[in-house]
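**Q** Next come the chains, spelled out residue by residue.
2 protein chains.
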Amino acid sequence: MVLDDAALQKFSFIPRGMKDAINIDPLQTGGKLTEDAKRTLLEWGDGYSVCDYCGGVLDLIKKPPIEEFVHSVLPEFLNTDEVRVTHGARESKFAVMHSMAEKGDYIVLDELAHYSSFVAAQRAGLNIRTVPHSGSPDYKTDVEAYATVIEEITRETGKAPALAQVTYPDGSYGNLADVNRISDLCHRYDVPLMVNGAYSVGRMPIDAKKMGADFIVGSGHKSMAASGPVGLLGVKEDYADIVFRKSPTHKNKEVELLGCTVRGAPIMTMMASFPHVVERTRNWYDEVADARWFSSRLEDLGIMQMGDKPHDHDLMFFKAPVLYDISQTAKKGRYFLYRELKQRNIHGIKSGLTKYFKLSTFQVGRENLKYVADSFEEIIDKYQKKE
Amino acid sequence: MVLDDAALQKFSFIPRGMKDAINIDPLQTGGKLTEDAKRTLLEWGDGYSVCDYCGGVLDLIKKPPIEEFVHSVLPEFLNTDEVRVTHGARESKFAVMHSMAEKGDYIVLDELAHYSSFVAAQRAGLNIRTVPHSGSPDYKTDVEAYATVIEEITRETGKAPALAQVTYPDGSYGNLADVNRISDLCHRYDVPLMVNGAYSVGRMPIDAKKMGADFIVGSGHKSMAASGPVGLLGVKEDYADIVFRKSPTHKNKEVELLGCTVRGAPIMTMMASFPHVVERTRNWYDEVADARWFSSRLEDLGIMQMGDKPHDHDLMFFKAPVLYDISQTAKKGRYFLYRELKQRNIHGIKSGLTKYFKLSTFQVGRENLKYVADSFEEIIDKYQKKE
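Order-wise, the sequence lines are chains A and B.
The opening position of the first sequence corresponds to residue 1 in my numbering, with each subsequent residue numbered one higher.
The opening position of the second sequence corresponds to residue 1 in my numbering, with each subsequent residue numbered one higher.
So here's chain A without its partners, still in its complex pose (with noise of 0.2 Å):
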């Protein structure tokens, strides 16, 4: 290709079009900025705006009061020792991953575990064995097969697992696991427990030591309003000297994070939601009431859902048999769930998806899932009449 200027200009300004949708795709629903956040973007949004303001290390700018939000505020919020903020949960993984283990290691994951826990433990090059879940309906992770799991690597390899980690809840069927027994267990063989929060953390009240959580992972951009990529890592004071170690040569560089991470606006985004944030979290029990109206409409269509019943979570997973009937006569096949869903305004199942979806009902609001839950049953009311 010419990189000629007619050519690029395409690349310009480009409308996004689903910006103002009622958006109930899992990824996007404690994503979406505050007022004050979108302010923020803006003010801060050149390049590497923070660093005018830095004297070499990140997290310790006091003005705009990183140094404060780092290392008291986010500690305090979590319940943990230390906290730095990263590119996004999967990279505090890896970080985590990289630092505890060695090339050739055992980690122990849940098998809901997100796709990305998978890649990063190939990254840093080790072993994975997997703890079982009950398969359908309930999706149950089988939490005493931890100590199984664990057991079994150390009479194999001679070695314990360098590492286990929960995903609090998984990312499919929004089921929190017993991370307590989880930890427990863990810690009975000495094992650090790392939870991966990224649909937890700023959503619901997250207490790290309470749960027994060495490591604890959160995503900006999935679940705390801020502008990605930008996520969380807090570590136990036991384990913060050998994740946050620092370089030989560069005396106050942290090898892990390269030096400084998130060196632009989404961390000041993540500040200017996090009063919000903090507010939302007390008001979890709300959307927890909220999935469960909505689940209980979508179940008296005859549509199923998976997983942790009565539901703790805003993220939920449906099997629709009904709406799978009518894909295999409408117009446009599979393609008509997406299609009459857009047309109401309603975004956030994969286009294509019928038989199985999930989604989110975090900060949706009654009203709005009141809309989203009419909108299923007048569908599945015109196709119904249609046959």
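Quick caveat, the hints were computed from the structure, so don't treat them as lab data.
Keep in mind that a hint or two might mislead.
For identical chains, the list gives no copy identity; a pair is met inside one copy or between any two copies.
Below, in silico cross-link-like pairs of lysine-lysine (DSBU-like), each with a Cα-Cα straight-line distance of 30 Å or less [as the list claims (entries may be wrong)]:
hint, residue 1, residue 2
1, Lys332, Lys63
2, Lys236, Lys103
3, Lys253, Lys370
4, Lys62, Lys246
5, Lys32, Lys253
6, Lys246, Lys370
7, Lys38, Lys19
8, Lys350, Lys62
9, Lys355, Lys63
10, Lys38, Lys370
11, Lys253, Lys19
12, Lys209, Lys236
13, Lys319, Lys251
14, Lys350, Lys140
15, Lys10, Lys209
16, Lys32, Lys19
17, Lys342, Lys38
18, Lys38, Lys251
19, Lys140, Lys253
20, Lys342, Lys253
21, Lys210, Lys350
22, Lys63, Lys331
23, Lys209, Lys350
24, Lys38, Lys331
25, Lys246, Lys385
26, Lys38, Lys63
27, Lys382, Lys246
28, Lys331, Lys62
29, Lys332, Lys319
Place chain B on chain A using the hints.
**A** Then chain B, alone, in the frame of chain A:
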């Protein structure tokens, strides 16, 4: 700290005091957003916005045209085979080091390399050997020493270094080493060469193949008018399968990139500014002329420019005994310069520096540069008269 609403309000919207200053900090001159990028930032600011359009691989998103940008436009722009968007130059460097070398391997860096190159090599567990420079006043990298250092390592360890790197230009003096000679020497020993173009890609014309660069690294927030953190990694096809290897379990996910990298607004701002960035690299020689003009203005005041002369880049390092002398008796001592410049709405020379400092003239424009040079003259006059 108690997380009460009143205490948290201070994080909500924080004005950026120096937003409208004339900024000559080398970190900032190439990162100012275009108007299109500002609009784009707001449009795509929410959390994970681009993921609404994703079928599983960020850089294959067709609408907005991220795939075309990453797989067609950027390779053309850099004249390299494969490009990916990363979190920044340091993350690109680490990805290459971590993919191309085993723990314990050697890497050759120029002594002028950015600290993040050292830290990235340390994170990858590599041994570092450096190529020296000539010291004051030229700080010229001893290009021929790439051969000597490679030979030394090979003799001592029985194995050639896994990688060599050159910083083009370096971030202190803005020197452009003879990269063609360096790549010739490295390739003679079958050592692949990484070019750190954090201060060149997006500022000046870059042709990776002509340079003999096996890896080319760029920075969006430093030099491509993009909102950080975001960077580029260009790879010659010989090494693309190594650096961009796929996960054995998740077939479409690139392990070294943890599946996806910049899942949000920064990549959209890089695209939005790109037409302007292409244009400005075409006008690079006007920038060089501005830099030389500014350098000679300061030299007339007794402020000596170090590094290559005549200079070929906007990033310059100055030695200013005249300002240092003033600082010895000035009220506020060594902070006088920062304060005097700040009063004149000029920002970018770190507070407390007088004897040595660096700055950049990039995109500042001749008129503003004249104002900055006049300001230096005025400040010197003012304090010299006092004596």
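**Q** State for each hint whether it applies.
**A** Results of checking the hints against the structure:
no.: 1; hint: Lys332 - Lys63; verdict: between (56 Å within a copy, 21 Å between copies)
no.: 2; hint: Lys236 - Lys103; verdict: both (23 Å within a copy, 27 Å between copies)
no.: 3; hint: Lys253 - Lys370; verdict: neither (51 Å within a copy, 37 Å between copies)
no.: 4; hint: Lys62 - Lys246; verdict: within (21 Å within a copy, 41 Å between copies)
no.: 5; hint: Lys32 - Lys253; verdict: between (32 Å within a copy, 26 Å between copies)
no.: 6; hint: Lys246 - Lys370; verdict: neither (52 Å within a copy, 42 Å between copies)
no.: 7; hint: Lys38 - Lys19; verdict: both (14 Å within a copy, 16 Å between copies)
no.: 8; hint: Lys350 - Lys62; verdict: between (43 Å within a copy, 16 Å between copies)
no.: 9; hint: Lys355 - Lys63; verdict: between (51 Å within a copy, 26 Å between copies)
no.: 10; hint: Lys38 - Lys370; verdict: within (28 Å within a copy, 35 Å between copies)
no.: 11; hint: Lys253 - Lys19; verdict: between (39 Å within a copy, 27 Å between copies)
no.: 12; hint: Lys209 - Lys236; verdict: within (8 Å within a copy, 47 Å between copies)
no.: 13; hint: Lys319 - Lys251; verdict: between (54 Å within a copy, 26 Å between copies)
no.: 14; hint: Lys350 - Lys140; verdict: within (24 Å within a copy, 56 Å between copies)
no.: 15; hint: Lys10 - Lys209; verdict: between (50 Å within a copy, 27 Å between copies)
no.: 16; hint: Lys32 - Lys19; verdict: both (10 Å within a copy, 25 Å between copies)
no.: 17; hint: Lys342 - Lys38; verdict: both (26 Å within a copy, 28 Å between copies)
no.: 18; hint: Lys38 - Lys251; verdict: neither (36 Å within a copy, 36 Å between copies)
no.: 19; hint: Lys140 - Lys253; verdict: between (42 Å within a copy, 26 Å between copies)
no.: 20; hint: Lys342 - Lys253; verdict: between (48 Å within a copy, 29 Å between copies)
no.: 21; hint: Lys210 - Lys350; verdict: neither (37 Å within a copy, 44 Å between copies)
no.: 22; hint: Lys63 - Lys331; verdict: between (59 Å within a copy, 25 Å between copies)
no.: 23; hint: Lys209 - Lys350; verdict: neither (37 Å within a copy, 41 Å between copies)
no.: 24; hint: Lys38 - Lys331; verdict: neither (41 Å within a copy, 41 Å between copies)
no.: 25; hint: Lys246 - Lys385; verdict: neither (67 Å within a copy, 47 Å between copies)
no.: 26; hint: Lys38 - Lys63; verdict: both (20 Å within a copy, 24 Å between copies)
no.: 27; hint: Lys382 - Lys246; verdict: neither (63 Å within a copy, 44 Å between copies)
no.: 28; hint: Lys331 - Lys62; verdict: between (60 Å within a copy, 25 Å between copies)
no.: 29; hint: Lys332 - Lys319; verdict: within (20 Å within a copy, 71 Å between copies)
Taken one by one, the earlier hints fail for this structure at numbers 3, 6, 18, 21, 23, 24, 25 and 27, listed in ascending order.
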